[in-house]
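If you read the protein sequences in the order shown, they are chains V and Z.
Final position of the first sequence in the working numbering is 273; the numbers increase by one with none missing.
Final position of the second sequence in the working numbering is 663; the numbers increase by one with none missing.
The hints are simulated quantities; they were obtained by calculation from the structure and are not laboratory data.
Glycine included, every Cβ here is placed at the ideal spot set by N, Cα and C.
Derived list of chain Z stretches under chain V, where covered just means 3 residues or more per stretch with a C-beta under 8 Å from a C-beta of chain V:
(1) 553-559
(2) 566-576
Only pairs whose alpha carbons sit at most 20 Å apart, straight line, appear in this in silico DMTMM-like list of lysine to aspartate or glutamate:
(3) V:82 - Z:476
(4) V:132 - Z:550
(5) V:82 - Z:550
(6) Z:420 - Z:627
(7) V:148 - V:158
(8) V:106 - Z:550
(9) Z:561 - V:78
(10) Z:479 - V:78
(11) Z:479 - V:39
(12) V:114 - Z:550
Here are the computed distance ranges between Cβ atoms for each label pair:
(13) Z:478 - V:90: 29 to 39 Å
(14) V:84 - Z:412: 57 to 67 Å
(15) V:243 - Z:398: 51 to 61 Å
(16) V:79 - Z:408: 43 to 53 Å
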Amino acid sequence: METLEIESDILDNPEESEKESKVAVQTINLSVYFSELMAIDNINLKIRKNRVTAIIGPSGCGKSTFLRSLNLMHEMTPKARVFGEIFIHGENISSYNSVDIRKKVGMVFQKPNPFPTMSIYDNVIAGLKLNGNTKKPVLDELVEKNLKNSGLWEEVKDRLKSPAISLSGGQQQRLCIARTIAVSPEIILMDEPTSALDPMSTANIEELIFNLKKEYTIVIVTHNMQQAARVSDQTAFLYMGKLIEFSKTRRMFTNPKEKLTEEYVTGKFG
Amino acid sequence: MTANSILKKPKNLRRRKIVNSLMIGLCVVAGIITILPMLYIFFYTTKSGISYLNMDFFTQLPKPVGEEGGGMANAIVGSIILISIGGVIGIPVGILAGIYISEYSKNITATVIKFTTDILSGVPSIIVGIFAYGIIVIPMQRFSALAGGFALGILMIPTVTKITEEMIRLVPQSLREASLALGVSRWKTTLRVVLTTASSGIITGILLAIARAAGETAPLLFTAFGNSFWQTKIDEPMAALPLQIFAYAISPYDDWHRQAWAGAFVLIFLVFTVNLIVRFVTRNRFTGNI
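With the hints as extra help, turn the sequences into a complete structure.
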């Protein structure tokens with residue numbers, strides 16, 4: 004409880020430069036249970052628009068659960084129960100259909116998961132195709148634009164019809180990002196998007212994240228603290244389902260308020 | 374204990390090696406025993422049947438006893454009609470039930486359906502025939518292709534359900550999530566992602582169910598009944614290949630015996646071809662890398 008009060012202090016007095024930036028996602032007393040097991044406990048968090056927000060913490064601290072609750076993905080998990088409220092651009096998502104929420108809140112997963120039965124081309128427009136929108140000339144443009152935005156165009160432009168699974172892991176992940184942005188979301192959730200990739204591909208994705216934040220709000224869960232430090236503007240530290248500290252990334256890594264945060268970011272546990 | 378004690382030769386090494394070769398030998402013998410009947414059936418049926426096979430067999434109706442020639446055209450067409458009726462009943466029910474069991478398996482009803490399907494697949498086919506007799510033949514007051522097709526459809530359901538369920542389970546959860554995260558609804562995800570990814574496996578299951586139904590004789594005995602004449606109306610008794618083979622094989626006439634062999638060959642060839650197609654389709658599935 005103590006940490007929560009300190010936490011809300013931070014929220015009430017946001018960091019100087021963050022003041023004018025709009026809130027993209029806000030959670031109020033968000034708790035998630037799996038059966039009787041508490042996964043996240045009373046999280047209050049404001050995620051700023053067009054910023055990269057990193058969520059760090061040791062394994063099992065509830066990072067992914069928190070992320071998945073933002074696009075209602077937990078609905079697929081049996082026995083998951085969610086309490087509290089989530090606001091996206093000021094609107095309570097409980098009054099919307101999960102399908103519509105997910106169109107606005109895209110997600111990139113830990114393991115690249117292109118559709119194996121589809122070509123590179125079809126994967127990019129999968130969101131539209133699966134929903135039944137297929138106007139040919141528009142699609143060609145859309146494929147090119149989104150592959151360019153995900154930095155994959157030059158590598159695949161001559162083999163758009165080859166199967167998506169013929170790409171390397173890093174390329175597949177960028178294809179998944181292209182697929183996500185093709186449905187024009189406003190917020191992109193990334194669940195450890197580089198943990199299955201080699202360092203070169205990781206660097207590519209990190210650069211991409213940096214470019215994407217001009218247009219999108221990005222929330223990234225990561226195990227890698229250097230990555231959080233490199234790509235994010237703000238960082239939230241979760242521990243045992245609780246939000247311990249939330250502040251500007253630079254401050255989080257140089258001068259954390261909490262003892263626990265300091266111990267985690269300096270590698271004393273985790 | 375010295376460090377090199379692990380290199381000590383076990384005392385019973387010789388005995389172990391002998392037991393090892395013995396067991397491998399037994400496995401090889403068992404393996405050969407499993408192929409022998411298949412090879413024997415295939416070659417013997419081919420040898421006995423192929424020489425009596427001619428165009429007449431596929432185009433002519435059965436001739437009365439004593440007259441030479443004739444064919445099983447009506448039985449071939451009858452089998453196709455019966456299997457089609459069976460497929461119309463068995464394939465959609467099986468696929469939908471398979472989807473239900475695998476995609477909604479947390480549900481208690483799904484568990485009950487799964488258990489019941491397993492039992493249904495073990496019910497002797499003649500019992501399924503009696504069931505069809507009871508609920509279709511008796512109310513209609515006559516044997517019919519409809520009753521036969523219904524019995525075959527019931528027999529196809531568990532095979533199709535089982536394979537659909539297994540193939541859908543093989544589709545990684547990550548693909549469902551990928552689709553849902555794009556704002557695609559659950560039913561579209563099931564239809565366009567899950568079923569599409571599992572489709573080649575499901576087709577395999579359907580072909581196997583058809584091949585099995587094509588060879589069923591018992592459930593047709595008192596449903597489709599058999600017919601020596603041309604009949605394509607589904608509310609009338611209808612001929613079927615296995616029925617015709619059965620009727621001819623137990624007859625005392627040499628000419629009919631020859632026809633039965635030819636029919637058996639056609640049936641075996643059909644099942645064999647379907648199996649080959651299945652192999653081909655499944656091979657594609659594995660290169661498809663789901």
